[in-house]
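Read off the chains here:
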Amino acid sequence: MTNQTSILIVDDNASLRQTLSLILEHKGYAVATAQDGLQAVERVKEKPFGLTLLDIKMTPIHGVETYRRIKKIRPEAVVIMMTAYTVEDLVQEALQAGAHGVVYKPLDIKKVIELIEKMVREDREKR
Amino acid sequence: MLGSIFSLVGTSLIIILSFKLTILSRITDIAGVLGRVKAGDLTARTSRGISEDEIGDLQLGVNTMVSALEQRIEERKAAEETLKEYSERLEDMVKERTQELQDAQQELVRKEELATLGQLAGGVAHELRNPLGAVKNAAYFLNMVLEEPDPDVKTALEIMDKEIGTSEKIISSLLDFAHSKPPFQRQVDVKHLVHEALSRAAVPDNVAVTTQLDEALPTILADPDQLGQVFDNIILNAIQAMTLPSPPSTSSGRPPSTSSGRPPSTSSGRGTGTPEGGQLNIQTLTSSVEPSLVSSSKWVAVSFSDTGVGIPPENLDKLFEPLFTTKAKGIGLGLALVKGLVEGHGGRIEIKSVQGQGSTFTVKLPKGATGGKAA
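Protein sequences appear in the order of chains C and R. Be aware that the first sequence starts at 19, since it is given in the numbering used here, and climbs by one per residue. Be aware that the second sequence starts at 730, since it is given in the numbering used here, and climbs by one per residue.
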C-alpha cells in the first residue's frame, strides 16, 4: 500500500487529534485535522479525503450531523465514527445513516490502522 | 291438764327454736356464699337445706344470680381475650406493614443512589476516555518510532502500556456498572458459559480448578454476555481470595485474561502473608446438594467454592454494596454489578463464608418458561 491516502481527523480533543495524526503520518498517510464538525465540513469542501475519522460527541454539531453534511458534499466519502460512548443512541444513528464503521475510545490503534487499510483498499477496489 | 299444757308449750318452744336455728343456718349459708362471691369466688353456691319455702327461693335466687354472674364474667374474659388477640394481630400486621414500607423505602433509596452512582460512574468514565486515549496514542507512537529504545525508556514505555491497560479496565467496569441493561435473553447452556469464563480467567499456578457440571442440566433463558460477566467476576474474586496478600476480596478490579486451570504450586506465597493458592470448585447444584432447588424445578444454580481467606461476618452484608471493597486495588463495583445482573435475570446470589477457610458464591437463576435439556 502506498499510503498516499489522505485522512481527515475530526475530534474536539486536541491531544487526540495530535497523537492520532503523529501515528498516521508516521504510517505514511497525509493527515488533516478539524476541531469540530463545522471546520470538518469546510475541509471537505476544499478537497476530498480518502477517509474521515469522525468523533460523534461534538459541538456545535454532533458527528452524525457532520457526517450527513459531509456526505451531501462528497457522497463517495468513507467515514469511520469514533466514540467514547458505548451505549450512545448516536452510534446507532450513525450506522443507520450509512457510516462505514464505529471505533471506540480509547482507540485500539492496531485495529484502527487495520480498519483504515481495509477501508482504503475496498474504496480503491470500487473505483 | 296443766302438765299437758306445759308439755305442749315445751314441745312448741323446741320446735320454734329448732325452726329458728334451721332458718338461721340457711341465712348464714346465704351470707357466706355472698361473702365468698364478694371475695371473688364465683363457684360458691348455697346448698344447705334448700326447701320449698321463701328462704329456699332466696337460696335458689342467690345461686342463679351467682351462676349468671359467673357466666357473664367468663364471657367477658373470653371477649377480652379475643380483643387482646385481635389487638396483638393488629400490632403484628401494623409492624409487618411498617417493615414492608420501610423495606420499600430503603429499596427506593438504594435504587436512587445506584442510579446517581451509575450516572456519576458513567460520566467520569466517558470523560476519562478522551485523555486516556490521547495518552495511549502517544505511548503507541513512541513505541512505534523508538525502534531500539534505551532500556530505561523501554521500561518506562512498558509501565505506561500496562497502566493504560489497567485504566481501561477500570473505565470498563465503571461503564458496565453504569449501563447495565435489561438482559437480552435466549436459551443458554450454563455449563458452556462456565467453561468459557474459565477459559478467560487468568488462573495462577497455585490455584487448582475443578468442575462438577451436571450434563443433564437444562438450558435457561438468560443473557449469555451478562452471565459471562457474572461468572468472570465471581471466578476472579475467588482467585484473588486465594492469592492476593490482602483482606478477603469483595469486588473485581481487574477483569480476567486468557489462561487455564493448573494444579497448585506448593511454594508460592509461603511466609509472606500471601495466601498460598488453593482450590476453586465450580458445580451445578443437584438434588443431593440442594433438594429444595430440584423439588421446585424452577431454578438452575451454579456454586463457586474457594478455599481462600474467607469473608469476615461483618462484611457479608456490605459485600454487594457499590464502592465497598477491602482490596488494595479495585473500586468495589464488581460484586455490585454481579448482584444487579443476577437480579436482572430474576435470580439471586447467596454467599456462605468461613473466615480462614473459604467462601461459596451461589448464583440461582430461574429456568424460564421454555428451559429444556442442554444439547
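There's no promise every hint is true.
Derived pair list, reagent style EDC-like, types lysine to aspartate or glutamate, alpha-carbon separation capped at 16 Å [said to hold, decoys possible]: (1) R:Lys891 to C:Glu43; (2) C:Lys75 to R:Glu856; (3) C:Lys128 to R:Asp890; (4) R:Lys767 to R:Glu799; (5) C:Lys45 to R:Glu876.
I should point out that these hints are in silico values taken from the structure, not numbers from a laboratory. These figures come from a predicted structure and were not determined experimentally.
Evaluated hints:
1. R:Lys891 to C:Glu43: It is violated: about 25 Å lies between the C-alpha atoms, which goes past 16 Å.
2. C:Lys75 to R:Glu856: The given pair, whose Cα atoms are some 11 Å apart, holds under the 16 Å limit.
3. C:Lys128 to R:Asp890: 14 Å, holds
4. R:Lys767 to R:Glu799: 12 Å, holds
5. C:Lys45 to R:Glu876: 14 Å, holds
When the structure is compared with the earlier hints, a violation turns up for hint 1 alone.
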